[in-house]
Amino acid sequence: MNLKIEKRQVDGVSILSCQGRIMFGDEANALRDALKQALTETPRMVLNLSGVTYIDSGGLGTLVGVYSSARAAGAEIKLAGLGQRLHDVLQITKLATVFQVFDSEQQALAALKSNSLPAGVDFLKTS
Amino acid sequence: MTYPPITGPISSPGSGIFPTLVFVQGNDQRNINLDHTPFTVGRKVDKDLVIADPRVSRDHALITSEDGQFCVVDQGSKHGTFVNGERIQRKTLERNDRVEFGVRDVSYVIFHPHHASSNTAREFLSQISGIQISTDTTDLEKLTLFLEAARKLNTTGVLDEILVTLLDATLKLTRAERGYVFMRDEENNLRLAAGRNSKGEPLLDDTTISHSILDEGVKSNSEFVITDTSQSLDLAGRHSIVAYDLRTVICIPLRKPQVQTTRDTAMVSTESSAEVMGALYVDSRFASRDISSVSNDILRAIATEAASLIENARLVQAEEASRRYQQELSIAASIQQRLMAVTIPEVPFATLRGRNLSCKEIGGDFFDAVNTDEGLAVVLADVSGKGVSAALLASTLQGMIYSQLTAGMPLIDIVVAANRFFTHKHIGEKYATLIIARIRRDGELEYVNCGHVPPLLVCNKEVIRPPHGNLPVGLLGDATYESDHVSLHAGDRLILVTDGVTEAENARGDFFEDSRLEAVAAKSATLEDIFTAVANFCGGNPLNDDCTVVELVYTG
Numbered sequence: 001m002n003l004k005i006e007k008r009q010v011d012g013v014s015i016l017s018c019q020g021r022i023m024f025g026d027e028a029n030a031l032r033d034a035l036k037q038a039l040t041e042t043p044r045m046v047l048n049l050s051g052v053t054y055i056d057s058g059g060l061g062t063l064v065g066v067y068s069s070a071r072a073a074g075a076e077i078k079l080a081g082l083g084q085r086l087h088d089v090l091q092i093t094k095l096a097t098v099f100q101v102f103d104s105e106q107q108a109l110a111a112l113k114s115n116s117l118p119a120g121v122d123f124l125k126t127s
Numbered sequence: 001m002t003y004p005p006i007t008g009p010i011s012s013p014g015s016g017i018f019p020t021l022v023f024v025q026g027n028d029q030r031n032i033n034l035d036h037t038p039f040t041v042g043r044k045v046d047k048d049l050v051i052a053d054p055r056v057s058r059d060h061a062l063i064t065s066e067d068g069q070f071c072v073v074d075q076g077s078k079h080g081t082f083v084n085g086e087r088i089q090r091k092t093l094e095r096n097d098r099v100e101f102g103v104r105d106v107s108y109v110i111f112h113p114h115h116a117s118s119n120t121a122r123e124f125l126s127q128i129s130g131i132q133i134s135t136d137t138t139d140l141e142k143l144t145l146f147l148e149a150a151r152k153l154n155t156t157g158v159l160d161e162i163l164v165t166l167l168d169a170t171l172k173l174t175r176a177e178r179g180y181v182f183m184r185d186e187e188n189n190l191r192l193a194a195g196r197n198s199k200g201e202p203l204l205d206d207t208t209i210s211h212s213i214l215d216e217g218v219k220s221n222s223e224f225v226i227t228d229t230s231q232s233l234d235l236a237g238r239h240s241i242v243a244y245d246l247r248t249v250i251c252i253p254l255r256k257p258q259v260q261t262t263r264d265t266a267m268v269s270t271e272s273s274a275e276v277m278g279a280l281y282v283d284s285r286f287a288s289r290d291i292s293s294v295s296n297d298i299l300r301a302i303a304t305e306a307a308s309l310i311e312n313a314r315l316v317q318a319e320e321a322s323r324r325y326q327q328e329l330s331i332a333a334s335i336q337q338r339l340m341a342v343t344i345p346e347v348p349f350a351t352l353r354g355r356n357l358s359c360k361e362i363g364g365d366f367f368d369a370v371n372t373d374e375g376l377a378v379v380l381a382d383v384s385g386k387g388v389s390a391a392l393l394a395s396t397l398q399g400m401i402y403s404q405l406t407a408g409m410p411l412i413d414i415v416v417a418a419n420r421f422f423t424h425k426h427i428g429e430k431y432a433t434l435i436i437a438r439i440r441r442d443g444e445l446e447y448v449n450c451g452h453v454p455p456l457l458v459c460n461k462e463v464i465r466p467p468h469g470n471l472p473v474g475l476l477g478d479a480t481y482e483s484d485h486v487s488l489h490a491g492d493r494l495i496l497v498t499d500g501v502t503e504a505e506n507a508r509g510d511f512f513e514d515s516r517l518e519a520v521a522a523k524s525a526t527l528e529d530i531f532t533a534v535a536n537f538c539g540g541n542p543l544n545d546d547c548t549v550v551e552l553v554y555t556g
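Here the protein sequences come in this chain order: A and B. Numbering of the first sequence is given in this note's numbering, commencing with residue 1 and proceeding in unit increments. Numbering of the second sequence is given in this note's numbering, commencing with residue 1 and proceeding in unit increments.
If you're looking for bench data, these hints aren't it; they were derived computationally from the structure. Misleading hints may appear alongside valid ones.
[To be verified] Below, a list of computed lysine to any residue pairs in the SDA-like style, where the Cα atoms sit at most 25 angstroms apart: (1) B:Lys-256 - B:Lys-199; (2) A:Lys-113 - A:Arg-21; (3) A:Lys-94 - B:Asn-544; (4) A:Lys-94 - B:Lys-44; (5) A:Lys-4 - B:Lys-47; (6) A:Lys-94 - B:Arg-314; (7) B:Lys-219 - B:Glu-201; (8) B:Lys-78 - B:Arg-55; (9) B:Lys-256 - B:Arg-285; (10) B:Lys-78 - B:Lys-91; (11) B:Lys-461 - A:Lys-94; (12) B:Lys-523 - B:Glu-482; (13) B:Lys-523 - B:Gly-491; (14) A:Lys-94 - B:Pro-466; (15) A:Lys-94 - B:Lys-47; (16) A:Lys-36 - B:Leu-476; (17) A:Lys-94 - B:His-424; (18) A:Lys-4 - B:Asn-506; (19) A:Lys-94 - B:Glu-187; (20) A:Lys-94 - B:Asn-536; (21) A:Lys-36 - A:Arg-21; (22) A:Lys-94 - B:Pro-467; (23) B:Lys-461 - B:Leu-476; (24) A:Lys-4 - B:Arg-508; (25) B:Lys-256 - B:Asp-297; (26) B:Lys-44 - B:Asp-67; (27) B:Lys-523 - B:Ser-483; (28) A:Lys-36 - B:His-424; (29) A:Lys-4 - B:Lys-91; (30) A:Lys-94 - B:Val-103; (31) A:Lys-4 - B:Asp-442.
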């Protein structure tokens, strides 16, 4: 298992910080479980990926899967702190247009607080 | 006239100490363990071997055992029982005898006694069998002998062999007449796993085994139970004891060793509370020698060593099972390879080449090429994940895309259909990145990149990475797709790779990266050079993912 996930809560927002690699298999499963668990606690969350050095196709699929189902359930997930590699992957796959990506955790938190739009409206808006 | 050699299961029957019947019916063939007698054959559904053919009588024949020999006995069948073509009433079976019941040729049985294989356990067994234990051998010497046997056997394989060897060694040491090993099955019932007499002949379960003593032994907390029937009156009336004139029965419960670190601690840890895997049972009759005086040290040693032997043998078998699973995977991989074996169409205006290097696990890469009036189309795809599920999805996707390319469908329609299929069937986690490109005779290239590594366009040693792209197929049901157009000139090359290439990793954890790929693509005109560059970069570090490279050269 090459992924460490730490969870904390700030003002009703779950913040999950990932460290390591998100790979098809154990890591992707751990991430899915952690995200699902966090969503039962708070509907708003920030996924801090600044410690993630690599994500493979399976990991990306997990991320999109959880992101989509969270959206469908009216929850909100924002991504923060993408490294160069993750940024490139989201560019190649055009998923940067799907996820809401912020440079830092603080910016993602601020966006969640100020965001009064109903979920789904800004779904396809680039950040 | 010569006969072809007998191959397959006939020369290598199912493992086990029991004789095997290889039942052949038309093109089907299965092995049946002859684990009890009488073994019944006929058309009735309650027979051990049911042959549903009107020429087979309802109660057709029996296979019985006598003195270690197996015998087929006709039960007055209408169409007869045949051994090697000869009609018989009763006949002792020999190795590879062909037995037919009423039906000739269509279905038959090949008899296969347990063969004396010459594996290490057996060889060792014959060695220790050769050692005569003289009466003045001390208990300690006997114990040493057994421990020696146990240690050597610990290194060898198959459980059945171990059990037989264990029995022979135990019979030698206790001087009992016959011995059996019973193991618990999934339903927790004790089932016979091996039986031997002191002459080294295989024995089957029979009514003369005292199951009551066996059950008591397993339930007891003792390391072993010695029952001398002459001493305990309440036993004297029990059926098996009367029937077989049993004098002494020794039952040793086989408990799972809890600690496996060293031999000494394993001995200590064989506590009564440990899980009982089975039991070792030996007995002898009144008429024969008395075994009740067997040293307790020997029995204790057998109890410990036998359990750890069996446990080790089981571990070896589990390893074997996982090796078989790996083998199945590799079979699946070879099926996939065959599916992916692409016949590349020859066209006058372009050449196409593709190469795939599979990693150990089965991946979801595939490529395909189709030539139609619309032009020469090529597709390269990578289904997310690994293993059989990825491979299956890859072949489904391949079939889908192939049929639509053959029908000359627009590229956008093809990826939209694929996306719909994937999101409909596999919401969320299964998706594919792919590129479909189609080149016309005049050099006009249309391609759709769905989340795939951008293609390399090599024009005059200059490498261009077009930024065009779409979402992968299968991630979002309502995704829209666009294609891109490029005009190629004679000599221009389009190189498609999967991310297994750009993400090939060396021992330091660096990736091959786009930069290295672009450098080698600019320099070289062959696919082999790309693979060589990747291999040199990885320096022996195994691939994590399949590497596929496809090259399309427009020749004009």
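Going through the hints against the structure:
no.: 1; hint: B:Lys-256 - B:Lys-199; in the structure: 29 angstroms, violated
no.: 2; hint: A:Lys-113 - A:Arg-21; in the structure: 29 angstroms, violated
no.: 3; hint: A:Lys-94 - B:Asn-544; in the structure: 24 angstroms, holds
no.: 4; hint: A:Lys-94 - B:Lys-44; in the structure: 67 angstroms, violated
no.: 5; hint: A:Lys-4 - B:Lys-47; in the structure: 59 angstroms, violated
no.: 6; hint: A:Lys-94 - B:Arg-314; in the structure: 51 angstroms, violated
no.: 7; hint: B:Lys-219 - B:Glu-201; in the structure: 29 angstroms, violated
no.: 8; hint: B:Lys-78 - B:Arg-55; in the structure: 8 angstroms, holds
no.: 9; hint: B:Lys-256 - B:Arg-285; in the structure: 30 angstroms, violated
no.: 10; hint: B:Lys-78 - B:Lys-91; in the structure: 18 angstroms, holds
no.: 11; hint: B:Lys-461 - A:Lys-94; in the structure: 28 angstroms, violated
no.: 12; hint: B:Lys-523 - B:Glu-482; in the structure: 31 angstroms, violated
no.: 13; hint: B:Lys-523 - B:Gly-491; in the structure: 14 angstroms, holds
no.: 14; hint: A:Lys-94 - B:Pro-466; in the structure: 14 angstroms, holds
no.: 15; hint: A:Lys-94 - B:Lys-47; in the structure: 65 angstroms, violated
no.: 16; hint: A:Lys-36 - B:Leu-476; in the structure: 19 angstroms, holds
no.: 17; hint: A:Lys-94 - B:His-424; in the structure: 21 angstroms, holds
no.: 18; hint: A:Lys-4 - B:Asn-506; in the structure: 23 angstroms, holds
no.: 19; hint: A:Lys-94 - B:Glu-187; in the structure: 54 angstroms, violated
no.: 20; hint: A:Lys-94 - B:Asn-536; in the structure: 32 angstroms, violated
no.: 21; hint: A:Lys-36 - A:Arg-21; in the structure: 19 angstroms, holds
no.: 22; hint: A:Lys-94 - B:Pro-467; in the structure: 11 angstroms, holds
no.: 23; hint: B:Lys-461 - B:Leu-476; in the structure: 38 angstroms, violated
no.: 24; hint: A:Lys-4 - B:Arg-508; in the structure: 21 angstroms, holds
no.: 25; hint: B:Lys-256 - B:Asp-297; in the structure: 19 angstroms, holds
no.: 26; hint: B:Lys-44 - B:Asp-67; in the structure: 29 angstroms, violated
no.: 27; hint: B:Lys-523 - B:Ser-483; in the structure: 28 angstroms, violated
no.: 28; hint: A:Lys-36 - B:His-424; in the structure: 22 angstroms, holds
no.: 29; hint: A:Lys-4 - B:Lys-91; in the structure: 70 angstroms, violated
no.: 30; hint: A:Lys-94 - B:Val-103; in the structure: 68 angstroms, violated
no.: 31; hint: A:Lys-4 - B:Asp-442; in the structure: 54 angstroms, violated
The structure is inconsistent with the numbered hints 1, 2, 4, 5, 6, 7, 9, 11, 12, 15, 19, 20, 23, 26, 27, 29, 30 and 31, although it conforms to all the rest.
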